[in-house]
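Please build the complete structure, drawing on both the sequences and the hints.
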Amino acid sequence: MVSVSRWFVGVGLLLAAASGSAQQVSQLKVVTEISPPHQTIIAGEVDGYSTRLVKAILSQAGISATIEIYPWARAYRMALQQPDTLIYNIARTVERESQFQWIGPVATYRLGFVKLAHRQDIQLKSLTEAQQYSIAVQRHDVAETFLKQNGFGQPDQLVLAADITESWQLLLHGKVDLIIDDPMALAAMAAHFAIEPAYVKFEFAIKELEQQTYLAANKTMPAQMVNALQQAHQKVADSELFKKVMRSDFD
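Letter by letter, the sequence shown follows residues -22 to -1, 1 to 229 in mature numbering (1 follows the signal peptide of the UniProt record, and there is no 0).
Treat the hints with care, as some may be off.
[Unchecked claim] Result set (BS3-like, lysine-lysine): computed pairs, CA atoms no more than 30 Å apart in a straight line: (1) Lys103 - Lys197; (2) Lys221 - Lys197; (3) Lys221 - Lys179; (4) Lys103 - Lys213; (5) Lys213 - Lys7.
Treat the hints as calculated values from the structure; they're not laboratory data.
If you want it as structure tokens, here you go:
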């Protein structure tokens, strides 16, 4: 595995090479949520592994854009309604297929249930066994839809949160029994909340929620711009950086 510092140097070189030849085309808005390690804030700037890929794609396409952090439900609504808007990391589902124009994947998620490590009473061997517990999920997130389609519809069973940080807060304060996250994100989220990584435990993987997540555009964005972004993604996808991100090779 490559170190994070070497990784970010590699991203910087990719961005520099792209920006040197790129011609500025237009100004767009890119919306996302806080979700370390893919989307986070470092020194006041939106950063993280997927964020670096998105910046590389934009630079390769010669497109200037601002990246803004919002609660997921708001970011999702903005991307649906505002013509000049891109969004990441968004799951590509059947329901969403016609609602966006899809640029390309910028992360891989292997989602499952996360609990507080001291909760020895929670021992999950199947999805059905989780139905007896309260679970925080983000509003308009693919996990909300999946759980509702699989028998998690009882009152107070699903607690809808604005974003992943609120879900974590609910878990850490004992307001819910479980949340859904990627095991590779636990260390970064623990650092975000200034707790020891051992304080939480990935309990059960939900195979159906293993997926690539995407950079996507509002469905009314001009085809020329979407094509430029898709072509830029294809070039970035050939880089070692992209392969490391998609393998979740963060160390």
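Right, here's what the structure says about each hint:
Restraint check: the Cα-Cα separation between Lys103 and Lys197 comes to about 40 Å, which exceeds 30 Å; the hinted pair is violated. At most 30 Å may separate the alpha-carbon atoms for a hinted pair to count; Lys221 and Lys197 meet this at roughly 28 Å. Among the hinted pairs, Lys221 with Lys179 is consistent with the structure: their alpha-carbon atoms are about 27 Å apart, no more than 30 Å. For the hint linking Lys103 to Lys213, the alpha-carbon distance of about 41 Å lies beyond 30 Å, and the restraint is violated.
Among the hinted pairs, Lys213 with Lys7 is consistent with the structure: their alpha-carbon atoms are about 22 Å apart, no more than 30 Å.
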